[in-house]
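Novice: Heads up: the first sequence begins at 1 in my numbering, then just goes up one per residue.
Hints listed in this document are in silico derivations from the structure and should not be mistaken for laboratory results. Be a bit skeptical, because a hint or two may be false.
Claimed, not checked - Cβ pair distances, simulated, as ranges: (1) K457 with E355: 27 to 37 Å; (2) E7 with D424: 50 to 60 Å; (3) I505 with D147: 50 to 60 Å; (4) A367 with D519: 48 to 58 Å; (5) A367 with D424: 15 to 25 Å; (6) E7 with D66: 18 to 28 Å; (7) E390 with D502: 24 to 34 Å.
As the list claims (entries may be wrong) - For lysine to aspartate or glutamate, the following EDC-like pairs were computed, each having C-alpha atoms within a straight-line distance of at most 20 Å: (8) K340 with E306; (9) K340 with D372; (10) K186 with D282; (11) K499 with D533; (12) K270 with D343; (13) K499 with D518; (14) K418 with E378.
Beta carbons: idealized from backbone N, C-alpha and C, even for Gly.
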Amino acid sequence: MAEDPYEVGRGGSRAFWADSVADAIEARDPDEPIVIKGGVSPSGVPHIGHFNEIMRGYYVAEALRDRGHEVRQVFTADDKDRLRAVPRQLADLDWNVVGLGEVDAGALGRNLGKPYTDIPDPFGCCDSYGAHFTTLLRKSAELVGVDVEFVSNTELYADGEFEPVTRRVLERADRARDVLAEYQNKVDDDYVPFLPQCADCGKITEGVTAVDLDAGEVEYVCEDVEAGDQTIEGCGHEGTATLRDGKLPWRFEWPAQWEILGVDFEPFGKDHAEGSWPSGEDVAENVLDIQPPVPMVYEWFTLDGEPLSSSSGNVITVDEVLDILEPEVFKYFFVKDPRKQRDFSVENVDQLVDEFDRFERRYFGDADGSEDEVELAERAYPMVVDEPSEEQVRIPYTFAAVLGMTDDPEQREQIARKEGHIPDDAPDWAVEQALARVERAQEWASLTNNEFNYELKRAEMPDVSFDDATAAALDELADFIAEGHDGEAIQSEIYETAKRNDIDISEFFSAGYRLLFDDTEGPQLGTFIAKLDREFVVERFRRNE
RNA sequence: GGGCCGGUAGCUCAGUUAGGCAGAGCGUCUGGCUUUUAACCAGAUGGUCGGGGGUUCAACUCCCUCCCGGCCCGCCA
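Start from the sequences, fold in the hints, and give me the full structure.
Specialist: Take a look at the structure:
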């Protein structure tokens with residue numbers, strides 16, 4: 001019965017992995033609605049790696065819906081987990097990442113060991129620490145337009161949803177011990193699969209001393225808890241807790257969630273593949289007597305070649321990604337094979353966009369591709385955009401970055417049209433959307449400070465000097481510009497002026513770029529100059545300001 | 001140390017399920033646009049499929065082994 005989470009969705013003849021997974025789910029003939037789950041602990045700033053928990057399930061949900069199934073995609077905020085370490089970075093609800101110094105770190109430290117939902121929000125805006133970071137995750141989903149049902153684990157406990165399954169686990173404590181002991185050395189004869197919350201200090205503790213299932217209570221001592229390389233001190237309080245005043249240990253809680261929510265499919269990161277999944281599957285089948293969901297492992301992302309890591313600060317949030325990418329491009333990133341380690345490279349993000357543009361054109365039959373590539377586009381593209389339209393216009397990303405050189409929207413549009421990136425018959429909405437990419441590409445150029453990061457140095461002249469011949473040529477060119485000519489004429493004259501003064505043409509172009517951008521490259525100079533106000537350019541080329 | 005996943009052109013990635021000519025885009029180079037930047041058009045360039053061994057008529061694909069990266073093998077989630 002054991003299911004290899006690395007094998008599900010692999011093989012078969014499907015071009016889109018989500019369809020292979022959907023096949024595996026359908027093969028079980030599940031009850032409707034089919035339930036797909038994901039979940040994370042709201043422990044800190046959510047990054048794009050966490051987003052796998054939403055997006056991988058999303059595509060499977062869409063594939064099933066497309067086949068006529070009713071699907072419920074739920075996401076559990078595992079917010080009854082205890083805070084185990086104070087994170088180095090936090091983020092407010094506007095995604096401003098701040099260091100610990102800017103909030104009350106001491107207050108956080110005193111709350112180690114408590115459930116996230118019992119810790120005050122460091123920013124004071126949400127009901128709790130847990131609610132704060134769950135809100136950020138929910139906002140991420142909204143930003144990319146994925147509709148997921150959020151469920152708070154704390155609320156499931158508070159509402160008594162966990163009580164029957166918790167009771168059952170405790171009734172079968174012997175079996176639970178036997179099963180878990182195969183995966184964890186710590187489990188001995190005294191192990192109790194329940195973690196009460198101390199009535200006095202509020203921490204999740206482990207010191208259960210007695211279980212009274214008739215009364216639905218456990219007795220406990222609030223002991224010290226090992227967390228990583230540190231110890232969270234217990235308060236020593238001795239008390240009694242109901243089955244709602246605490247939680248199941250993770251290895252039981254996960255399968256319990258499957259039971260409560262009726263989960264049919266759950267994707268999870270590679271970190272769960274060797275530990276939590278085998279034990280969870282075992283617990284489900286041999287302790288809870290339920291069928292575990294169809295599993296799937298996804299590989300982790302790296303960011304610019306380095307592991308995503310909240311503790312080291314190597315993170316990028318969904319919000320930050322959407323500064324440089326359209327939501328549909330970001331969604332496309334998750335269309336790609338989940339089983340490959342994948343780098344999200346900010347520097348090379350133009351390649352991802354190019355790839356998406358081709359993917360989109362394939363859907364409309366306007367681009368070549370292998371049979372699989374075409375099938376993938378036909379299948380996945382409608383899940384990536386809300387309303388596919390053949391009239392959609394995309395300006396190539398790097399060209400959009402070039403257009404970012406000017407702030408004038410009309411000039412951007414004119415140049416894009418002239419270069420054939422906007423068809424004459426494009427509807428207004430498509431033109432608007434196409435040009436919206438310029439803002440993102442410009443942000444990208446500025447963020448990476450790459451070769452597209454042109455900035456007109458209008459306020460003051462860059463510190464430059466020229467030889468006599470170049471200086472003379474610049475004066476001549478300034479005179480010509482002062483006469484008032486169109487872009488092409490100016491472009492022509494740049495060549496002529498350089499020839500007349502016997503200076504290298506590319507050197508002369510560079511001189512112009514240095515004066516305007518403090519750079520050696522830039523947009524097509526003549527047409528660009530023609531768009532600027534004449535007085536400014538003339539004065540600048542005469543090196544007067 | 002043991003297990004699992006990944007490694008394909010300078011870059012980003014398809015292809016490995018079921019063995020059958022090593023692929024795409026970008027980049028680079030050359031040429032074109034009566035104008036050597038950007039863009040655009042045409043052509044060219046590009047490979048130890050991580051290394052080695054084996055099976056086979058035939059291996060990126062299957063088997064063995066080694067290297068590199070990541071994850072798990074304590075706790076926690």
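Novice: Taking the hints in turn, state whether each one holds.
Specialist: Here is what the structure says about each hint:
Separated by about 34 Å at the C-beta atoms, K457 and E355 satisfy the suggested range of 27 to 37 Å. A hinted range of 50 to 60 Å for the beta carbons of E7 and D424 is consistent with their spacing of about 51 Å. Take I505 and D147: their Cβ atoms lie about 57 Å apart, and the range 50 to 60 Å holds. In this structure, A367 and D519 break the distance hint of 48 to 58 Å, their C-beta atoms being roughly 34 Å apart.
The hinted window of 15 to 25 Å between A367 and D424 holds, with their beta carbons roughly 21 Å apart. Distance hint check for E7 and D66: the Cβ-Cβ separation is about 23 Å, which falls inside the suggested range of 18 to 28 Å. With their beta carbons about 53 Å apart, E390 and D502 fall outside the hinted range of 24 to 34 Å. For a cut-off of 20 Å, the pair hint linking K340 to E306 stands: about 15 Å separates their Cα positions.
Proposed proximity of K340 and D372 is supported: the alpha carbons are some 18 Å apart, at most 20 Å. Taking the CA atoms of K186 and D282, the gap is about 17 Å. The hint holds against a cut of 20 Å. Between K499 and D533 the alpha-carbon distance is near 26 Å, which puts this suggested pair outside the 20 Å criterion. Straight-line distance between C-alpha atoms of K270 and D343 comes to about 16 Å, which keeps the hinted pair within the 20 Å bound.
Between the alpha carbons of K499 and D518 the distance comes to roughly 23 Å, so the proposed pair goes past 20 Å and is violated. Distance check on the hinted pair: K418 and E378 sit about 31 Å apart at the alpha-carbon level, beyond 20 Å; violated.
Comparing the model with each earlier hint shows violations of hints 4, 7, 11, 13 and 14; every other hint is respected.
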